[in-house]
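Assemble the whole structure, with the sequences as input and the hints as a guide.
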Amino acid sequence: MRRALAAAALVLGAAAAPSVARAQSCGRPDLVDMVPPDMATGVPLNARLGAHYATSAEYLGEDVVLVHPPDGRQEVLRECAPNMTKPCATWSRAEQFLQVTPTEPLQPNSSYEIRWPALRGINAAAPGVGGRAMFETGGTDDVAAPVFDGVTGLTWDLEHTNDECTDDQVERYVFDVQLGAANDDGGTSGLTLLLFQTKGPLVMEQPTPFPGRAWPQDQDSVVKHVQVRLSTDLGVGEVCFAGFVRDTTGMLSDSGHVESCVHTTAPPFFRGCSVGGARASTETLAAALALAVLLVRRRSRRST
Amino acid sequence: MRVLLIGAVIAAAAGCGRTALEPPYDPSTADGGRDRPTDLPAEKMDAPPDLPTEHPPDLAPDKITCVPKAEEECNGLDDDCDGIVDNHIAPIPCPNAGDVRLCVGGHFSDCPKRCGVCVPGSERTCITSFCTFWGSQVCSADGMGFSRCIESQPPPRCRAIANQMMRSPELEKCCIENDFCCVDEFDLDGDGDTKEMLGRCESVVCE
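These protein sequences, in sequence, are chains A and B. -17 is the number that my numbering gives to position 2 of the first sequence; each next residue is one higher, with no gaps. When you read off a place in the second sequence, starting at 1, and then add 999, the result is the number in my numbering.
Some hints could be false.
[What the hints assert, rightly or not] Short, incomplete list of chain B residues facing chain A, as computed with Cβ under 8 Å:
(1) ASP1079
(2) GLY1097
(3) ASP1098
(4) CYS1102
(5) VAL1103
(6) SER1108
(7) SER1139
(8) ALA1140
(9) ASP1141
(10) GLY1144
(11) CYS1148
(12) MET1165
(13) SER1202
(14) VAL1204
For the record, the hints were derived by calculation from the structure and aren't laboratory data. Where a beta carbon is used, it is the ideal one built from N, C-alpha and C, also for glycine.
Below you can see the structure in the form of structure tokens.
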């Protein structure tokens, strides 16, 4: 009944879409990433498997399917219900994270495929995009907490982009967050990054969490980077970030005390003549004077 | 004319490289310049003049010991002296099952939310100052804010109120009673917040 009502609400929400012109990608409830990701290896045998979805996604009990190709077995994991004893799928609305625990422990050194469902969205007529990941298990359980050097660097910039939902030009601070090395006995492919804004104009005593995301796998170097975008009222002045990594069993690193900070400037601003540096040097002044004298001489020669 | 030309070239050179909105560079007021003591030897120039720069004479630097407290607290300090700040601190559960507040940067974090301000692509109703007195705002793709109020026709059930009462608390009341998500511009709930949303806002708010 609850599911039927929620589905009806979604359909009505989509039907009552506003008259403002929007891009089709606006608010699409697509899958964002998977933990472990596609082609992961050494996945611990006690791993919980998860997938992050876009902010607008709503989980209405869609099935998650875990396939074990060597024996052709297929396990359908459904939404957890009260008093349900079987392993089931849990949905974290705050993190937009769908997570399942397989009924039986994963078999060592074996291959699996997990199929994540396409979810519906509050403000989208069509369902989003789901995903599937092939992965290989390792030989052991994940027993130790991950180790993470924390947020080790921070730079910023300001960008102007056209918002696909509002069709307005929006200004956003873009923070390039440098992440220190991370390790876990279950491998880094099972890690989720949890970032927090610990200082900022609207951060009071309570640091603000950002939605968790899979640990970046597409960068070869030990030091990884992620980008965080903040509106100008959230990102001006002294801004600091800190973070944790979480493994597939839910254990966290001890890295929340490692902060990186930067001081941003409120727009509008302009940095012209960047080749000349931040201050006019005496050499620049002398060159300008020489140029002026040259111009005056040339003019006086012409006039004579 | 010649003088003007020379002046312009020099002025451009002097200003080049500075932010247009920043004041001209003055070494005497640059970072740290104002508070720097002038009567100290060079090696102590960065230390405040009224504080000792060495350890107390009765405690050798290698003998400074950490005094452990009963247990680690979320305060940015190594209370239990194990060499790690703010470790082994249990998270605080949030009202939503499964969500927790973590110790980060010496404070417990806020409970996690699915978005910053609003659900991307969602819509709320706003009341305009003229013409139809009715409009809508769309949440941005990153959920960090709403668009400007874009005028539209009020729904039939609120059209008469819009025509008679124009921009008014009555129109906002009509908006709420007809299951729209409405900006509480007239503070109908009396909490002093005129930027919040009232009405049917489940698909708009982040909680």
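Hints and how they fare:
1. ASP1079: Because about 12 Å separates B:ASP1079 from the closest Cβ in chain A, which is outside the 8 Å limit, the hint is violated.
2. GLY1097: holds (6 Å)
3. ASP1098: holds (5 Å)
4. CYS1102: holds (6 Å)
5. VAL1103: Hint on B:VAL1103: holds, closest Cβ of chain A at ~4 Å, below 8 Å.
6. SER1108: holds (4 Å)
7. SER1139: holds (5 Å)
8. ALA1140: Holds: closest Cβ of chain A sits about 5 Å from B:ALA1140, inside 8 Å.
9. ASP1141: holds (6 Å)
10. GLY1144: holds (6 Å)
11. CYS1148: violated (11 Å)
12. MET1165: Constraint on B:MET1165 not satisfied, violated at 22 Å.
13. SER1202: holds (4 Å)
14. VAL1204: For B:VAL1204, the interface hint is violated, since the closest Cβ of chain A sits about 11 Å away, which is over 8 Å.
Of the numbered hints stated above, those contradicted by the structure are hints 1, 11, 12 and 14, listed in ascending order.
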